[in-house]
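Q: Sequence order for the protein chains is A and B.
Using full-length UniProt numbering, you'd call the opening residue of the first sequence number 1 and step up by one each time.
Using full-length UniProt numbering, you'd call the opening residue of the second sequence number 1 and step up by one each time.
In short, the hints are calculated from the structure, not lab data.
Keep in mind that the hints are not guaranteed to be accurate.
To give an idea of the interface, some chain B residues facing chain A are shown, with a C-beta separation under 7 angstroms as derived from the structure [what the hints assert, rightly or not]: (1) L35; (2) L40; (3) K64; (4) L67; (5) G69; (6) M71; (7) W110; (8) P114; (9) L117; (10) K144; (11) I148; (12) K150; (13) E152.
Positions of the beta carbon are idealized from the N, C-alpha and C atoms, including for glycine.
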Amino acid sequence: MTQAEIKLCSLLLQEHFGEIVEKIGVHLIRTGSQPLRVIADDTGTSLDQVKKALCVLVQHNLVSYQVHKRGVVEYEAQCSRVLRILRYPRYIYTTKTLYSDTGELIVEELLLNGKLTMSAVVKKVADRLTETMEDGKTMDYAEVSNTFVRLVDTHFVQRCPSVPTTENSDPGPPPPAPTLVINEKDMYLVPKLSLIGKGKRRRSSDEDAAGEPKAKRPKHTTDNKEPIPDDGIYWQANLDRFHQHFRDQAIVSAVANRMDQTSSEIVRTMLRMSEITTSSSAPFTQPLSSNEIFRSLPVGYNISKQVLDQYLTLLADDPLEFVGKSGDSGGGMYVINLHKALASLATATLESVVQERFGSRCARIFRLVLQKKHIEQKQVEDFAMIPAKEAKDMLYKMLSENFMSLQEIPKTPDHAPSRTFYLYTVNILSAARMLLHRCYKSIANLIERRQFETKENKRLLEKSQRVEAIIASMQATGAEDAQLQEIEEMITAPERQQLETLKRNVNKLDASEIQVDETIFLLESYIECTMKRQ
Amino acid sequence: MASRSGGRGHGRGQLTFNMEAVGIGKGDALPPPTLQPSPLFPPLEFRPVPLPSGEEGEYVLALKQELRGAMRQLPYFIRPAVPKRDVERYSDKYQMSGPIDNAIDWNPDWRRLPRELKIRVRKLQKERITILLPKRPPKTTEDKEETIQKLETLEKKEEEVTSEEDEEKEEEEEKEEEEEEEYDEEEHEEETDYIMSYFDNGEDFGGDSDDNMDEAIY
């Protein structure tokens, strides 16, 4: 784990789970797999705090445990999983576009709580939806269950590994930690539950009852005598499936930018048909015949078979090689080259970064070197039609920033510099890694800056919150406009200005984080698929 | 080797590569030497591309900020215990400033977690008995024998609890009992004579006076 990744993980854990969890999590990421007592000793925190933190981390799938010999349980952190916290809003928004508000809330609850049983999810989501509905209407559990089942069918939600059921009596003492297993078939199997009920609205008249639950809380579990039907079956969000969806989206929009809407629709259809059949790490999808594609096109599109064939031929002949032709049966068998597509997307990202950072002339040189693979300095000046001095300057700038590298080809065995060819080349994998590292650093900087800005104006923020609370309570009890005006004037005009600036800055920083995370996704997918291929 | 060290000794001014190839001709002015570290925020040559705006961007942004706020309120956000103030105050007994340090606010499924992560809350029982003791002596001064007997039984109970705890610590590594100690917060609360929610420590005083604007504010 690079220092930049560790720093980013530490900031994310601190913001979302607090300092204690952050300390334990970062320690585990740095030092690898460790048992409980060693963690407590090394970090200097009390054993109870460490236990609490580990419970939270295991619940959220950020840390996994393993039983070693002699009964020692070792905990290991998944650094890449911690970095996914950045992407939670994107996951939730995607579900909203596909399954509307119900699906959005289901995935949100699963992400916020790590793992939940189906009955718990349905209850929570129904309650939340009922809150937002008009008075008198409630959300039925059945509707939420249906959306949940649909999410499981399309693999967006999957079952967590569960405790194996031991039918025979235990011969010896039970193990110190359960070994969780999951059967491939069971991963998307929804238990038959009949969840009947409606969402409950939290009424304001229950305010005095709010004091009681605190005392009644320990009795709650014993009062609830009904056995939970799906006890022990936990569900989590399937992040890989979301990544597959993002990748498909990126490919479709790339095709739309390069060609036109219809071809992107064709590619989208092809990807949709191979969603469940192709694993997420396959280099290309299963071959699809042109007839199948024609049948599965969305209803609104009435293009004739010949036009479809023409489009497919165009796509297959495109130098970017998103679509390839793998055979002629069934009117032509076509595949989508996923790895090639990801490589093209990563290359496009690199080109765009070079263009925005160094200018369009540098971008021209960069594309030239990409095209020619290995090229000498003199040839760069000739091919790019850029004066020698500028070309040299730009080449060295890109070289110093590690977008390019030099390949030496000696003419003589003594490698004398005056008798050696120096060729410029772009190694996409290493440039992508370099850029990814920079992305991690920049998100860490963005988060720190945002925290700094919020801390600077803490007093002002608290004041404005208090004023809002006062105004809200006064409006509830019915106050005149003049009184409300006076309260609002408690915040002076320059202070209001300051608050506006702060809000704008924080929004800009947040939006930048989301944007950088999209780049991170593309680069990580490309690096992952290239490493798998090797 | 000999040739390498010899090359370093004489002909110091010679470079290993051809200077003209790099682009620095003979007699060209070299750039001035840098005497200070590069500025912290160097001026950008090219302005960055504007961020995506529009409905989707704003929705995701709002979602992100909402999630951040929501996660702070969940029981998974562990706040460090409030540091003890310099002097023990009377109101400390009646103010539950945070979760009791050893308890977890949410109920994980203990079957899925290693057993060593389970936190015992037996300490509370011990606390309960110690609070009982100071109350007993002031009550019945008439029947001294009765009070002495009561004190003895209570002491025995406390000894039992402490001896239980010692035994447990020994057995912890060998055998685990599956009983779960109920977090008897209600009983603990009943030990004090006052209902917690009625206790007002006076911090809110003065903030509500904005309601009635007829009276003059001094």
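Q: Would you mind marking each hint as holding or not holding in the structure?
A: Structure-based check of all given hints:
Interface restraint check: L35 of chain B against chain A, minimum CB-CB distance 21 angstroms, threshold 7 angstroms, status violated. Violation of the interface hint for L40 of chain B is found here, the shortest Cβ-Cβ separation to chain A being roughly 12 angstroms, above the 7 angstroms cut-off. Look at K64 of chain B: its Cβ gets to within about 4 angstroms of chain A, closer than 7 angstroms, so that hint holds up. Taking 7 angstroms as the C-beta cut-off, the interface hint given for L67 of chain B holds, the closest approach to chain A being about 6 angstroms.
Because the closest C-beta pair between G69 of chain B and chain A is about 11 angstroms apart, greater than 7 angstroms, the hint is violated. The restraint placing M71 of chain B at the interface with chain A holds, with a minimum CB-CB distance near 5 angstroms, inside the 7 angstroms limit. Nearest Cβ of chain A to the Cβ of W110 of chain B: about 9 angstroms, over the 7 angstroms cut. The hint is violated. The beta carbon of P114 of chain B is positioned within 7 angstroms of a beta carbon in chain A (closest approach about 3 angstroms), and the interface hint is therefore held.
Satisfaction of the interface hint for L117 of chain B is found here, the shortest Cβ-Cβ separation to chain A being roughly 5 angstroms, below the 7 angstroms cut-off. The beta carbon of K144 of chain B comes no nearer than 36 angstroms to any beta carbon in chain A, farther than 7 angstroms, and the hint placing it at the interface is violated. At its closest, the beta carbon of I148 of chain B sits 34 angstroms from a beta carbon of chain A; the interface hint therefore is violated under the 7 angstroms criterion. A least Cβ separation of about 28 angstroms between K150 of chain B and chain A goes past the 7 angstroms threshold, and the interface hint is therefore violated.
Because the closest C-beta pair between E152 of chain B and chain A is about 31 angstroms apart, greater than 7 angstroms, the hint is violated.
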